[in-house]
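Novice: Let the sequences and hints guide you as you build the complete structure.
Numbering (the working numbering), first residue to last: 83 to 240.
In short, the hints are calculated from the structure, not lab data.
Heads up, the beta-carbon is just placed ideally off N, CA and C, and yes, glycines get one too.
A portion of the hints provided could be inaccurate.
What the hints assert, rightly or not - Label pairs and their calculated CB-CB ranges: (1) Asn180 x His107: 55 to 65 angstroms; (2) Thr226 x Asp148: 23 to 33 angstroms; (3) Gln182 x Glu113: 55 to 65 angstroms; (4) Gln182 x Thr207: 20 to 30 angstroms.
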Amino acid sequence: MNGEPTPIQDEDGLSKQLYRLRKLHEEQKCEDKRYQKEIDESQAWYLPAKQVRQNKIDEVESLIEDFYMRQYDENPYYRFKSRNGSVSKRESTTYTHNDQKLLETAPDKFIKKSFKWGDYKKTLTATDDGRVVDENGEIVDGVTAQHNINVIINTPKD
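Specialist: This is how it looks when you write it as structure tokens:
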């Protein structure tokens, strides 16, 4: 026999193949149960250990961010780099905008079929108090800005 299945010739052969199919399904079900049991056992010891470690990671990152922000208050250009990793910052500005108000006041070059917020945002400048001014120095109604400082902690990859 060359390993190819032989075609079913009669009902007796059909019955044998149905029996074989049933046994294969039972075998697969048994293997699936065993596999799931092993997965559950692995999860039972892995997940609690992972959570404890993640809590410790969060605690250390919080300590690093706190130290960095204190250094940043004294020197806005502060960075730290060593063979164990680096700490720096990235400043970002988050805009909150009301499209309806902007449609009334924004220049026409930013309004095609729809309002092009991304293009218009590039022409805006955020002030320290959260207000936003356009390229003409006029305050833009319907837009506020919030400055954010994100501390970036990098450790070497193994």
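Novice: Now, for every hint given, state plainly whether the structure supports it.
Specialist: Each hint tested on the structure:
Between Asn180 and His107 the beta carbon distance is about 60 angstroms. The supplied range of 55 to 65 angstroms therefore holds. Restraint check, Thr226 to Asp148: a C-beta distance of roughly 28 angstroms satisfies the suggested window 23 to 33 angstroms. For the hinted restraint 55 to 65 angstroms between Gln182 and Glu113, the CB-CB distance of approximately 60 angstroms keeps it satisfied. About 22 angstroms separates the C-beta atoms of Gln182 and Thr207, a value consistent with the hinted range of 20 to 30 angstroms.
Checked against the numbered hints given earlier, the structure satisfies every one of them.
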